[in-house]
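Engineer: Chains as they are written, first to last, in our numbering: chain A, 1 to 279; chain B, 1 to 279; chain C, 1 to 279; chain D, 1 to 279; chain E, 1 to 279; chain F, 1 to 279.
Rather than coming from a laboratory, the hints here were simulated on the basis of the structure.
There could be a bad hint or two in this list.
As the list makes no split between identical chains, a pair holds if one copy fits it or if it spans any two.
[Claimed, not checked] Dumping the calculated DSS-like pairs for lysine-lysine here, alpha-carbon to alpha-carbon at most 30 Å:
no., residue 1, residue 2
1, 3, 85
2, 185, 63
3, 102, 177
4, 203, 3
5, 99, 168
6, 168, 3
7, 84, 191
8, 63, 191
9, 177, 99
10, 168, 20
Each chain, written out:
There are 6 protein chains.
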Amino acid sequence: MLKGPFLDRNWMGQNPDYNKSDIIMLGIPFDGTVSYRSGSRFAPEQIRLASPGLEEYSPVFGKELADCNFHDAGDLELPLGNTKKSLDIIENNVEQIYKDGKKVLGIGGEHLVTYPEIRAISKFYGDDLAIIHFDAHTDLREEYLTEELSHSAVIRLRTKYVKPENIKQIGIRSGTKAEWDYMYKHNTLIKEYDELDLFLNKKVFVTVDLDVLDTSIMSGTGTPEAGGMTFDELMGWFRYLKNFQIIGADVVELSPDYDTSGCSTAVAAKVIRELLMIM
Amino acid sequence: MLKGPFLDRNWMGQNPDYNKSDIIMLGIPFDGTVSYRSGSRFAPEQIRLASPGLEEYSPVFGKELADCNFHDAGDLELPLGNTKKSLDIIENNVEQIYKDGKKVLGIGGEHLVTYPEIRAISKFYGDDLAIIHFDAHTDLREEYLTEELSHSAVIRLRTKYVKPENIKQIGIRSGTKAEWDYMYKHNTLIKEYDELDLFLNKKVFVTVDLDVLDTSIMSGTGTPEAGGMTFDELMGWFRYLKNFQIIGADVVELSPDYDTSGCSTAVAAKVIRELLMIM
Amino acid sequence: MLKGPFLDRNWMGQNPDYNKSDIIMLGIPFDGTVSYRSGSRFAPEQIRLASPGLEEYSPVFGKELADCNFHDAGDLELPLGNTKKSLDIIENNVEQIYKDGKKVLGIGGEHLVTYPEIRAISKFYGDDLAIIHFDAHTDLREEYLTEELSHSAVIRLRTKYVKPENIKQIGIRSGTKAEWDYMYKHNTLIKEYDELDLFLNKKVFVTVDLDVLDTSIMSGTGTPEAGGMTFDELMGWFRYLKNFQIIGADVVELSPDYDTSGCSTAVAAKVIRELLMIM
Amino acid sequence: MLKGPFLDRNWMGQNPDYNKSDIIMLGIPFDGTVSYRSGSRFAPEQIRLASPGLEEYSPVFGKELADCNFHDAGDLELPLGNTKKSLDIIENNVEQIYKDGKKVLGIGGEHLVTYPEIRAISKFYGDDLAIIHFDAHTDLREEYLTEELSHSAVIRLRTKYVKPENIKQIGIRSGTKAEWDYMYKHNTLIKEYDELDLFLNKKVFVTVDLDVLDTSIMSGTGTPEAGGMTFDELMGWFRYLKNFQIIGADVVELSPDYDTSGCSTAVAAKVIRELLMIM
Amino acid sequence: MLKGPFLDRNWMGQNPDYNKSDIIMLGIPFDGTVSYRSGSRFAPEQIRLASPGLEEYSPVFGKELADCNFHDAGDLELPLGNTKKSLDIIENNVEQIYKDGKKVLGIGGEHLVTYPEIRAISKFYGDDLAIIHFDAHTDLREEYLTEELSHSAVIRLRTKYVKPENIKQIGIRSGTKAEWDYMYKHNTLIKEYDELDLFLNKKVFVTVDLDVLDTSIMSGTGTPEAGGMTFDELMGWFRYLKNFQIIGADVVELSPDYDTSGCSTAVAAKVIRELLMIM
Amino acid sequence: MLKGPFLDRNWMGQNPDYNKSDIIMLGIPFDGTVSYRSGSRFAPEQIRLASPGLEEYSPVFGKELADCNFHDAGDLELPLGNTKKSLDIIENNVEQIYKDGKKVLGIGGEHLVTYPEIRAISKFYGDDLAIIHFDAHTDLREEYLTEELSHSAVIRLRTKYVKPENIKQIGIRSGTKAEWDYMYKHNTLIKEYDELDLFLNKKVFVTVDLDVLDTSIMSGTGTPEAGGMTFDELMGWFRYLKNFQIIGADVVELSPDYDTSGCSTAVAAKVIRELLMIM
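Based on the provided sequences and hints, a complete structural model is requested.
Structural biologist: This is the structure we're talking about:
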């Protein structure tokens with residue numbers, strides 16, 4: 001046999017043993033319903049490759065990746081063009097993770113992947129489940145160009161499983177008038193940290209659509225939207241979330257082929273590293 | 001009112017009157033089943049914008065676009081994420097074109113759009129219909145990752161409407177073993193011009209997957225494949241086709257977002273201009 | 001005839017009827033005098049294509065594009081290489097817009113296009129006309145490399161029609177010493193919202209050179225200049241301008257070919273949407 | 001003083017002494033009349049920077065750059081936006097080169113720069129002067145969008161100084177019908193080497209519009225046109241030209257900003273190296 | 001445990017068992033001595049990721065990858081900045097492969113990686129070893145900028161282990177005069193297939209510097225050089241090589257960061273697939 | 001001789017006379033130890049070319065480049081692949097600058113170039129020398145992948161010549177746990193301007209790793225790291241530094257090939273212009 005040494009091709013700092021890990025990082029390369037620019041299917045692998053460009057130590061949280069005890073499970077193989085079957089595969093795998101007493105960290109893919117994740121997780125937490133939703137877009141459409149299953153409708157879809165009062169949205173700056181009326185009516189959009197406090201006793205799922213970040217730092221995404229957060233503003237929210245019971249999370253909507261400099265991919269990897277620190 | 005002058009935003013050299021035109025150019029921005037790199041939905045508009053970079057005169061055929069009498073009908077609006085409904089809209093519009101006694105020149109979009117085109121056209125020509133298929137890939141899969149409706153299966157799908165002996169394939173250089181066996185068995189793959197002659201009395205539909213061209217000249221496509229034709233080789237085939245009864249055609253699989261220099265888009269526009277010359 | 005449905009190729013949310021519109025969006029694809037990186041001639045069409053990537057609703061202003069009642073008139077066809085004739089065509093069309101009792105929203109093209117706009121508009125408003133100028137550069141040169149007609153001299157040129165006391169400049173961070181002396185002498189450069197108040201009774205033309213935004217969010221421009229505004233800072237100024245009588249505006253200097261990620265074009269489209277909201 | 005060693009920033013292999021050189025390489029960064037994609041003003045410097053990526057030895061001609069005895073004079077500083085004054089500066093400098101008993105090798109810039117070069121050179125050679133024109137485009141327009149001075153009219157313009165029978169065109173594959181009629185009438189377009197032989201006793205100026213090369217190898221140009229020469233085909237012509245009395249040459253229309261891979265610039269540098277070998 | 005299905009992240013069609021494989025694909029991400037444009041260290045992984053974009057079946061050779069029985073061993077981890085130590089690691093691993101009775105297929109990295117491969121292999125084959133070298137550059141420098149260990153000197157370096165008469169070079173089109181003299185003297189450069197026949201009884205190592213291909217199809221490389229082979233011309237040589245005893249090979253000098261369209265990487269993957277077919 | 005006028009190819013606003021200059025700008029194109037993405041060797045020339053895109057006047061400091069009295073010495077020619085010899089050449093040239101009574105402004109190249117600069121300068125200033133270090137990364141590794149001479153270890157290396165208490169670091173946001181412990185122990189990381197005051201009587205060398213800026217504005221660098229400074233924040237520090245005795249400086253780690261829009265290069269040029277203003 002060869003002695004190498006060989007490069008580790010998994011996410012930097014992972015625990016190679018699924019069974020002994022607390023968090024399962026699951027690549028979900030699905031982008032079948034994207035309405036504008038596609039390509040988020042390539043994100044999980046490209047983020048993985050970019051991860052060694054970071055350090056394993058987070059000065060913000062004073063911890064190393066090794067302290068997070070996560071396993072990189074690889075990327076699901078999904079039948080492109082068949083949305084329903086793809087969502088079922090995602091749901092089944094996420095459900096297994098929770099049966100095994102672990103938490104998921106999904107790496108999209110488009111935002112619709114959050115829907116089967118929530119469908120799976122809600123079986124375990126019921127009304128205790130709350131969602132914290134970082135995004136530029138409301139994702140609250142009832143249908144998008146007549147299709148119910150769409151990345152633009154993902155949060156609305158999730159309301160089948162999580163009531164509006166258990167959803168808080170951060171960073172939203174784009175949507176139809178009907179969507180904004182919905183946000184106002186249900187008071188889902190928040191601006192201050194302490195508006196999250198009513199979730200302190202909840203089991204919280206954190207979903208990060210990377211376009212919540214400003215286009216200046218996240219150009220490699222399907223629907224870039226000016227006027228977003230800086231990276232440090234997002235980290236401010238993450239620091240506050242450290243005190244919550246995060247039982248799952250995902251990071252979605254990187255489109256590496258639009259990231260000509262590689263910087264958006266590097267930012268995505270760092271968002272994931274810091275999210276691991278607070279899970 | 002403003003006197004301008006204003007730029008014409010339609011395809012260079014078109015006839016603005018649908019009713020008085022012989023050929024209807026129809027943009028079909030569909031890319032829902034693409035297995036590798038997506039984005040052909042942006043092709044019809046970007047090709048249209050690139051068309052004024054060409055001249056209206058073709059020195060190869062000694063004709064001008066005005067002699068082709070074609071109308072640029074614009075691009076269909078298709079429900080992304082719903083393949084079936086999208087194909088129905090395409091089929092209905094193409095059928096109307098033939099009811100109106102005209103020919104279609106479809107501008108994809110992915111190669112699956114040929115399927116509803118053929119479904120529509122076969123109603124008018126039945127067994128007289130033959131297909132000449134330029135492509136790098138066989139597109140003969142029985143299913144692709146379990147999905148029947150897929151751009152990888154488009155030619156096989158069309159065999160429901162056109163028998164294998166009425167299909168000739170040119171430029172193929174990639175496929176599974178099963179697909180190559182199918183080509184050999186049905187003798188669909190040809191290398192010499194005169195192998196087309198048995199279609200001289202047929203009504204011929206010409207479908208051009210732009211990846212038939214070499215990756216050097218067609219980098220902006222979803223599945224680039226080395227070892228393809230030069231532009232002049234494709235023009236050689238077009239010159240031979242001048243003597244055939246071409247009753248419809250399409251040009252598919254440009255992905256403008258991978259065409260960083262704009263050259264693939266310019267090539268696609270020129271392929272379309274020359275195809276108009278022989279229709 | 002074809003039933004489609006077809007994609008609308010005009011600016012999202014426009015009123016198709018010139019006569020019934022209040023604001024006329026006029027594409028001005030001129031970039032003949034650019035001193036560094038060219039290509040703003042491609043901006044009006046690429047911004048138009050990017051507009052459907054936005055929503056029609058502005059949460060900042062609580063309005064929809066339909067409420068703005070604007071007409072997308074298309075792009076002027078200008079004789080490249082003949083600056084004088086190009087400026088005349090621009091001036092004539094803008095003059096007609098004001099004869100028809102409407103306002104112009106010019107989409108450049110380079111900044112020199114503001115000059116013929118102002119020449120036309122000043123015929124209607126005389127000394128009542130004031131200019132609010134967002135830019136990274138002073139654009140106050142007396143001549144640039146010996147050419148009087150130049151995008152670097154556009155504001156100075158306009159002083160033939162608008163006195164310096166009726167010009168306020170925002171975001172300027174680059175210029176020659178002579179230009180800065182001119183700004184100090186005439187007190188044109190402002191930093192606080194209320195320095196605009198002396199224009200409250202004026203007829204205000206707002207010209208936005210997109211390089212007023214930071215290079216991080218506006219890389220696709222001819223002369224990128226570090227240290228600019230964030231998008232939200234520009235929106236702050238727009239909110240303040242809501243109370244002014246804006247009788248015309250333009251947005252200039254996007255160079256789409258330098259916008260490899262498409263983000264600058266998306267930002268330009270959003271700047272235009274928000275500008276429509278306050279006109 | 002510093003001992004370095006320092007990188008030589010001039011064209012690889014040049015003779016630093018103007019007076020002792022036979023050939024003067026003159027950068028002409030002018031792109032003021034370009035009708036489609038601009039940026040050839042950046043070409044002379046970027047080609048210079050790319051030149052050390054080549055070797056100084058040409059295996060095709062068995063010579064080294066040192067044997068060519070050329071001087072890199074640098075790039076002219078031209079008043080952007082003033083076509084007439086720019087052409088005068090070019091003409092004056094080229095005239096000086098011939099007064100000094102040397103030959104010019106102009107590095108454009110757009111193709112219009114050939115016009116003042118020819119104006120200058122024709123003063124020295126009169127009817128002995130012949131032009132060999134490599135290009136994808138006829139460049140024979142009488143006017144382009146009403147402008148007489150245009151890169152699309154450069155060869156027609158030159159006919160003021162060189163009669164049509166003293167012009168041969170190679171590689172042309174695009175033009176209006178009127179331009180092609182002109183070529184046929186004057187028999188300027190040639191396909192075989194020996195059609196050049198009637199120039200064996202002429203003083204030949206060789207002008208190379210790089211878009212004569214196929215778009216696959218020359219994507220970084222303003223008006224890419226499919227169906228062009230390979231590099232080796234161009235070298236075939238160069239080898240034949242070795243026996244002619246070349247008294248001047250230029251290489252034009254590289255647009256480095258569209259050359260995302262750097263390859264077009266490398267090709268341009270190699271074309272120039274081989275052209276030096278035959279001058 | 002998770003049921004997936006998961007994407008296979010290894011080279012398409014590999015045998016996962018090292019011990020039962022005949023060919024060991026070894027990623028060698030070293031680019032420490034590159035003289036012009038760097039980044040070949042990223043090639044092995046990006047080629048691996050691109051491999052599923054191909055089919056497993058080669059119509060040229062009528063075989064599938066499964067018939068090649070190769071194992072993807074992953075990429076070596078090399079101490080960047082320490083050339084000597086890196087070369088030792090490469091040599092040791094390659095030596096082990098031959099001790100285990102297998103063949104290596106090295107995936108560079110820069111061309112210098114061939115040097116330790118040959119050092120290792122020559123221990124097993126001595127004077128029976130011959131090298132077939134596809135490249136644009138002679139790689140015969142005695143030293144490059146005073147450094148003996150350099151990718152520009154790799155073939156010269158190998159002459160310590162393989163005599164010049166056991167080296168044949170194909171596709172060379174660039175080098176210093178001294179290097180060309182060396183080639184002529186030792187008759188290493190060949191143009192016809194049958195010039196290889198004197199190696200029919202040799203153990204042949206095939207080294208493919210991807211810049212042997214024309215820049216049009218291989219833009220993503222460190223030192224692009226116009227006038228190279230088409231893909232089909234390279235395949236012609238590969239078909240001829242089918243009858244030789246190939247005991248090892250490598251494919252080097254892809255620089256993925258210069259491959260903006262992804263096409264060069266796709267071409268590299270296909271070169272490797274076809275090389276596997278003849279090993 | 002030619003009258004031109006010719007473009008000045010040196011840094012805008014330089015003094016052409018080394019002997020009469022106070023500051024020597026020295027291009028140091030070395031990137032031999034870079035661990036992630038390379039290419040900073042191309043930075044000095046590309047920044048030089050971008051410099052005329054700026055104005056010579058700095059409104060922040062109210063001065064012109066002519067007031068800075070600096071000479072652009074060009075770029076050192078360094079033996080790629082030989083780190084030790086390269087560092088010696090750098091050291092010798094910098095030492096000469098100080099022997100001549102001048103200051104250096106080094107333009108990297110990777111960050112390791114600071115090491116020989118400091119080695120040279122420390123001979124003149126001894127314990128009076130202090131370092132102000134702008135960077136995203138600690139650069140304090142004891143070794144990187146077993147190599148002592150590495151851009152990741154540059155600050156630690158410098159501690160051989162400058163004691164930790166004479167080093168202050170600004171903008172650091174990435175490093176190993178050991179590196180952060182080192183920073184805490186030696187109190188090198190500062191956040192407030194006045195923490196610099198203990199250097200008021202020191203001879204200060206300012207080293208600017210451009211990745212101290214946020215990735216949004218500095219995408220063209222080897223190791224992009226989210227969460228960095230805005231350009232204006234860096235200028236705030238520069239304004240404070242105006243009162244210090246800056247006896248040398250460098251600006252490093254631009255990688256132009258990753259700067260697809262040209263903006264990072266423009267930012268680098270502006271950082272250098274402002275740094276000249278305070279030296």
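Engineer: When the structure is checked against the list of hints, which entries are broken? Sort them ascending.
Structural biologist: 6, 7, 9 and 10
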